[in-house]
Structure formats: structure tokens, C-alpha cells
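Colleague: What follows is each chain in one-letter form.
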Amino acid sequence: MVKIEAVIKSLSGAEVDYVIVGGVALNAHSSGYITFDFDCCYSRSGPNLKRIIEALFSHNPRPRNFPDELPFVFDISTLRNGTNFTLETNIGKIDLLGEISGIGDYQAVLAHSEIVRLYGFDVKILSIEGLIKAKRAAGRTKDLLVLPELEALREALSDEEE
Amino acid sequence: MKRTPEEKLLNPRPGSKIAAAQEFGIDLTLLVGQLRLTPEERLNELQSAMESLEDFAKQAKLARKKTENKWSKSKL
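Sequence order for the protein chains is A and B. The opening residue of the first sequence carries number 9 in the working numbering; numbering runs sequentially from there. The opening residue of the second sequence carries number 11 in the working numbering; numbering runs sequentially from there.
Simulated from the structure, these hints should not be mistaken for laboratory data. Glycine residues also receive a C-beta, built at the ideal position from the N, C-alpha and C atoms. Do not rely on the hints blindly, as some may be mistaken.
Below, simulated DSSO-like cross-link-like pairs (lysine-lysine); rule was C-alpha separation at most 27 Å, straight line [as the list claims (entries may be wrong)]:
{"id": "1", "chain 1": "A", "residue 1": "K150", "chain 2": "B", "residue 2": "K71"}
{"id": "2", "chain 1": "A", "residue 1": "K150", "chain 2": "B", "residue 2": "K68"}
{"id": "3", "chain 1": "B", "residue 1": "K68", "chain 2": "A", "residue 2": "K101"}
{"id": "4", "chain 1": "B", "residue 1": "K71", "chain 2": "A", "residue 2": "K101"}
{"id": "5", "chain 1": "A", "residue 1": "K11", "chain 2": "B", "residue 2": "K68"}
{"id": "6", "chain 1": "B", "residue 1": "K71", "chain 2": "A", "residue 2": "K11"}
Chain B stretches covered by chain A per the calculated footprint, using a threshold of three residues with CB under 8 Å from any CB of chain A [said to hold, decoys possible]:
{"id": "7", "stretch": "37 to 48"}
{"id": "8", "stretch": "56 to 69"}
{"id": "9", "stretch": "72 to 83"}
Please take these sequences and the hints and turn them into a complete structure.
Modeller: Listed below in C-alpha cells is the structure:
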């Protein structure tokens with residue numbers, strides 16, 4: 009189980025460029041979806057990779073289901089050699105995603121984000137519209153099941169009458 | 011006159027996405043409750059739900075083990 013406040017404080021405290029996506033973003037928008045991990049899309053710029061290392065290093069990140077006997081080094085070259093990382097840490101499961109299906113890379117995700125105040129930080133979360141695009145593109149049953157709720161929320165919060 | 015999000019959710023117009031969600035099985039009153047909270051309060055509720063579910067899963071696992079032990083002892 010992820011400790012949401014601790015993750016946000018670690019990433020935002022280190023000034024990491026990231027956008028919360030997935031279940032945590034759904035909940036921030038009022039969905040009742042239950043998730044146990046923290047998904048975020050991150051900028052792959054060199055300085056940002058350094059900030060990610062700074063933010064998460066002390067939480068002992070390792071790829072999930074990675075054999076204990078094998079060494080894992082969480083450094084810039086590791087982050088440069090991959091795009092998406094599903095990590096187990098002392099503060100829970102954190103997925104670092106370089107791109108989001110249906111939207112694109114960090115810059116595209118950023119364009120679909122909004123800022124909310126969380127635990128003392130201005131944090132970017134994927135908008136309802138962005139979540140709808142991403143869930144449609146992902147296309148798995150668990151993604152499609154949240155669409156009716158997201159579409160209802162979008163309609164309720166819209167200035168236009170339904 | 012424009013309706014508030016809460017009014018829209020509590021009295022969905024036929025044919026709307028909100029009505030479709032209700033037909034799909036979404037409890038719109040829960041959505042109304044969530045909309046009254048701040049994003050941080052919503053994440054705190056999610057955290058509590060995660061903790062409760064994890065605790066429930068642990069208890070269920072323990073109970074299953076106890077039942078299995080009881081059965082294996084009674085077979086002896």
C-alpha cells in the first residue's frame with residue numbers, strides 16, 4: 009500500500025516535474041475508485057531525473073518482483089535506459105511513467121493537467137478530460153469501468169447544461 | 011438557470027451522461043459526498059480505505075489459516 013502524502017511530499021519537496029495520473033488522480037477528482045499504488049508521468053529531462061533520484065533514493069526503490077539477490081542501482085543511467093518503472097519503495101508502490109497511452113509524453117500530459125493544493129504543495133494532476141482519454145486508450149476492462157463515472161463527473165462540473 | 015454540479019447529480023436529465031452512469035450502477039450520492047471535500051480530504055479518505063482493505067485482507071487470511079488448521083486437526 010502506498011503512503012500518498014509521503015510520496016507527494018518527497019516528489020514535490022525535491023521539485024520533481026511530475027503529473028499524478030491513474031487512481032490517485034481519479035480520487036482527487038472525486039471518483040470512488042480504490043487504488044494501492046501511485047502512478048505519475050515524469051519529465052525525462054536530465055535535471056528532472058536527478059531530482060527523482062534525490063526524492064526517492066532514501067526510500068530504497070527497487071523494481072517490483074525483482075529478485076532480491078540481484079543488485080539494483082537507482083541512478084540516472086538506470087532512469088535513462090528505461091521509460092516506465094514500476095517500483096516498490098519504503099513508502100509503497102510508485103509507478104514512474106515516461107508516457108501515457110492516449111496522451112503522450114510528459115509535455116502532452118502537462119497540457120492535460122490542472123493544479124491542486126495537496127499537503128502544502130501545488131501539485132499537477134491529470135484532468136478529468138485527460139483521464140478519459142488515457143482510460144479509453146488503455147482499453148483494459150478495469151480502465152473502461154471507470155469511464156461512466158468520469159463522464160458523469162465531467163458533465164456535472166461542466167458549465168454547459170447536460 | 012444553471013444547475014450546480016450537486017443538483018445535476020441528484021436529478022440527472024434523461025439521456026445525459028449522468029443518467030447513463032446511474033443506470034450503469036454508479037452511486038451518484040457518493041459522488042456528491044466526494045465533491046463536497048477538498049482534493050486533499052479525498053486522498054486522505056482513499057488512504058483510509060486502502061488501510062482498511064489491507065487490514066481486512068490480513069484478517070481474512072488469518073481466519074482462513076485458522077479454519078484450515080482446524081480441519082486438518084479434525085482429520086487426524
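Colleague: Now look at each hint and say whether the structure bears it out.
Modeller: Right, here's what the structure says about each hint:
1. The hinted pair formed by K150 of chain A and K71 of chain B meets the criterion: a straight-line CA distance of about 25 Å does not exceed 27 Å.
2. Between K150 of chain A and K68 of chain B the CA atoms are separated by roughly 24 Å; this keeps the pair inside 27 Å, and the hint holds.
3. At roughly 18 Å between alpha-carbon atoms, K68 of chain B and K101 of chain A fall within 27 Å of each other, so this suggested pair holds.
4. Only pairs whose Cα atoms come within 27 Å are accepted, and K71 of chain B paired with K101 of chain A is accepted, the gap being roughly 22 Å.
5. Restraint check for K11 of chain A and K68 of chain B: satisfied, since their Cα atoms lie roughly 18 Å apart, inside the 27 Å limit.
6. At most 27 Å may separate the alpha-carbon atoms for a hinted pair to count; K71 of chain B and K11 of chain A meet this at roughly 23 Å.
7. Beta-carbon proximity to chain A at under 8 Å applies to 8 residues in the stretch 37 to 48 of chain B; the threshold of 3 is reached and the given coverage holds.
8. Residue count for the stretch 56 to 69 of chain B with a Cβ under 8 Å from a Cβ of chain A: 7. That meets the three needed, and the coverage hint holds.
9. Restraint check on the stretch 72 to 83 of chain B versus chain A: 0 residues with Cβ-Cβ distances below 8 Å, three needed, restraint violated.
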